[in-house]
Amino acid sequence: MSLFNTDRDFSIISKMIPSRSKIIDVGCGDGSLLDYLIKKKNVDGRGLEIDQDKIRECLAKGISAIQGDADIDLIDYPDKSFDYSILTYTLQATKRPKKVLEELVRISNKAIVSFPNFGYWKIRMSLLLNGKMPVSNELSYSWHETPNLHFCTIYDFIDLCEATDIKIEKKVNLKKNVIQSFNNKEWFENFFSGSGMFLISKK
Amino acid sequence: MSNNKIIDLGSSEDPLVLDCGKSIGPIKTAFTTYGELNETKSNAILVCHALTGDQYVASEHPITKKDGWWSLLIGPEKSIDTNKYFVICPNVIGGCMGSTGPNEINPKTGKEYGLDFPVVTIGDMVKAQKLLIDSFGIEKLFSVIGGSMGGMLVLEWLSKFPSYVFSAIPIATTTNHSAQNIALNELARQAIMADPEWKSGNYNIENTKPVKGLSVARMAAHISYLSEQSLHEKFGRNLQNKNKIEFSFDADFQVESYLRHQGFKFVDRFDANSYLYITRAMDYFDLKAENNGSLIEAFKNTNAHILCASFTSDWLYPTSENKVIIKAFNALGLNVSFVEIETDNGHDSFLLDEPEFFQTIKGFLDATYKKL
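So the sequences go chain by chain: X and G.
If you read the first sequence in the numbering used here, its first letter stands for residue 1, the second for the next number, and so on.
If you read the second sequence in the numbering used here, its first letter stands for residue 204, the second for the next number, and so on.
Relax, there's no trap hidden among the hints.
Dumping the calculated DSS-like pairs for lysine-lysine here, alpha-carbon to alpha-carbon at most 27 Å:
(1) G:K503 to X:K80
(2) G:K565 to X:K39
(3) G:K574 to X:K22
(4) G:K402 to G:K412
(5) X:K61 to G:K530
(6) X:K61 to G:K565
(7) G:K573 to X:K40
(8) X:K22 to G:K565
(9) G:K287 to G:K269
(10) G:K530 to X:K202
(11) X:K54 to G:K287
Interface residues of chain X toward chain G, partial, derived using beta-carbon atoms under 7 Å:
(12) Q52
(13) I55
(14) L59
(15) A60
(16) G62
(17) S64
(18) I66
(19) D76
These are calculated hints, taken from the structure and not from any lab test.
Glycine residues also receive a C-beta, built at the ideal position from the N, C-alpha and C atoms.
With the hints as constraints, model all of the structure from the sequences given.
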């Protein structure tokens, strides 16, 4: 999925994380983001990743990573193990997104979460006009082979946080590349943003 | 490349005090080394062998004439590159390849110890290894690595001598034996002791050898090192050099013939009493109980970089038991990594050619070395 604009997202995530923070990247892939944050912010980073080949790439970069599943293995971390946890474009592939979000704000003081926004106008148009599940450069899987289980819109994400013990501290406007305080749902964000990124914590 | 050495460590005045309360000193440790220790003594890797392993980790075994048990992993240009690292592999005390053990001469009697040898523990083995490391003047091992019982030794190092360990790789191991582990070891011990040639452990003095008991012990253990899948794929119900069953108790099936062969060849290189002592040490190992039920307590003083590995088809030290260790390391906020290698080769996988496993170790060691 190329929805992830690596340079843009790495730099905005880096802005949210103070130097020397202790962080965990859940679904860390080959460790690129951790590597970036270690070099840029001198963070003490850990990774959790399901794919063993990617774990090997992490280790070769000198990054500590555990082969595991966000749905299963986050429970093994004690409360407040980290200053920040990061979950980029992985939420939609988890079996129990609500539980995963609750675990993130339990094991860390704050969590940065990003996900593809199904409320994006292009996705709405695609379904409306084609009558088929949207497939694009950004969401490149056909419905029958997608690893993504739980798509949501920015509205849905905000509703879920409100219904649970999760506080939204900041929202990221990825178009303008700025971090903003969060007050209310904004219809145009849900309509015009290809993805959402939020800084959350436990209420 | 073989360079077996034997060193006396400690002395009668300054003996090794064992966990059982008895003392032995001096103790002999047989070991091999590979590569060169650098000037700052910062490139040493201690390799800990498993139950029936020995110091011949990367050089030809003097009895079997086979390559070292980890010669696929360790050597010049290999995953553990001996052009870069200095590898030390000692035979554990209680062993039978030259280190002090039940097969060695008791200086008090001038005869083999037999069962007069004190019961040793994993902790005692590590204390002896520490004396060896001290003899090199090494104050910090770059890494300590081992699988199975070797992994227990690695964990013991992390718990008892944390400041000596910069990085550690415990593989397919546990902090304490399960009832099933103990049961399997007891089966092996009873097989040895049931052999009339065992002579209450005095077979050396009485010039006999409990080969049958020891080979049955090995056969039972060998099954536990494999997986149902690998046994099925290797042998199925294939018959051994025959077309039909013979209504006898000869080795009709290939798997029978294979196990008998494993048992018979084992007795040439291993001592029955050593088998009793080392399995006992493994059964007694319990880092959790030692620390009032807390593994966090057991590892609280280490800040080593750690890589844990397990194998999907290992039912002797399954992934779940390795994850217990990782949970403790995570709780301590350590730099811990973990991989579960997918393979049908069972517990034995750590000794076999598993390229992904080797690459994982290489990546971890080389990247960690840069952090020294």
